[in-house]
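Peer 1: Sequence:
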Amino acid sequence: MSPKQLVQEWVSRFNKADVDGIASLYAADATNHQVVMDPLLGREAIRRMFRTEFGRAEMTCLIENIFEDGQWAILEWSDPTGLRGCGFFHVQNDEIVFQRGYFDQLSFFRLQGIPVPENYLGA
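So the sequence shown is residues 1 to 123, counted in this note's numbering.
To be clear, the hints were calculated from the coordinates, so they are not data collected in a lab.
Model, not experiment: these values are computed from the prediction.
From the three backbone atoms N, C-alpha and C, an ideal C-beta is built for every residue, glycine too.
Mixed in with the good hints there might be a few duds.
Listed next, with one range per pair, are the computed distances between beta-carbon atoms [to be verified]:
no., residue 1, residue 2, range
1, 117, 68, 29 to 39 Å
2, 48, 106, 30 to 40 Å
3, 9, 115, 29 to 39 Å
4, 51, 110, 18 to 28 Å
5, 113, 69, 35 to 45 Å
6, 94, 44, 27 to 37 Å
7, 114, 1, 31 to 41 Å
8, 72, 115, 31 to 41 Å
9, 118, 94, 18 to 28 Å
10, 118, 68, 35 to 45 Å
Derived SDA-like pairs: lysine to any residue, alpha-carbon spacing no greater than 20 Å straight-line [claimed, not checked]:
no., residue 1, residue 2
11, 4, 74
12, 4, 90
13, 4, 70
14, 16, 52
15, 4, 69
16, 16, 69
Put together the whole structure using the sequences plus the hints.
Peer 2: Here it is as structure tokens:
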């Protein structure tokens, strides 16, 4: 599966809130670094993050663009609330070995009606 095809499958599973299905796309020792939080190391940590996030928010990923370059796929996305972001996926042997995502977490909290933590800005 090409990196672009793998990311298309990732989006399909994401939009079904299929936590185990999403997690199975990652290598056992993968890193997922959403820049709004510390990097997660390993498939199980990534699975826990998705379980937490799908447990507190309804999320839908609308593909705006997917670009592929060698072992990398770049996903530009939006959601029905107007949130936008992008993700970089390094794929080896049909598994995601590294992912980095960029989005505005404060807007995500507000659009989802999630209370903003008191210490959000280090206060």
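Peer 1: Work down the list of hints and note, for each, if the structure agrees.
Peer 2: Hints, verified against the model:
no.: 1; hint: 117 - 68: 29 to 39 Å; in the structure: holds (36 Å)
no.: 2; hint: 48 - 106: 30 to 40 Å; in the structure: violated (22 Å)
no.: 3; hint: 9 - 115: 29 to 39 Å; in the structure: holds (33 Å)
no.: 4; hint: 51 - 110: 18 to 28 Å; in the structure: holds (22 Å)
no.: 5; hint: 113 - 69: 35 to 45 Å; in the structure: holds (37 Å)
no.: 6; hint: 94 - 44: 27 to 37 Å; in the structure: violated (19 Å)
no.: 7; hint: 114 - 1: 31 to 41 Å; in the structure: holds (34 Å)
no.: 8; hint: 72 - 115: 31 to 41 Å; in the structure: holds (36 Å)
no.: 9; hint: 118 - 94: 18 to 28 Å; in the structure: violated (42 Å)
no.: 10; hint: 118 - 68: 35 to 45 Å; in the structure: holds (42 Å)
no.: 11; hint: 4 - 74; in the structure: holds (8 Å)
no.: 12; hint: 4 - 90; in the structure: holds (10 Å)
no.: 13; hint: 4 - 70; in the structure: holds (10 Å)
no.: 14; hint: 16 - 52; in the structure: holds (15 Å)
no.: 15; hint: 4 - 69; in the structure: holds (9 Å)
no.: 16; hint: 16 - 69; in the structure: violated (27 Å)
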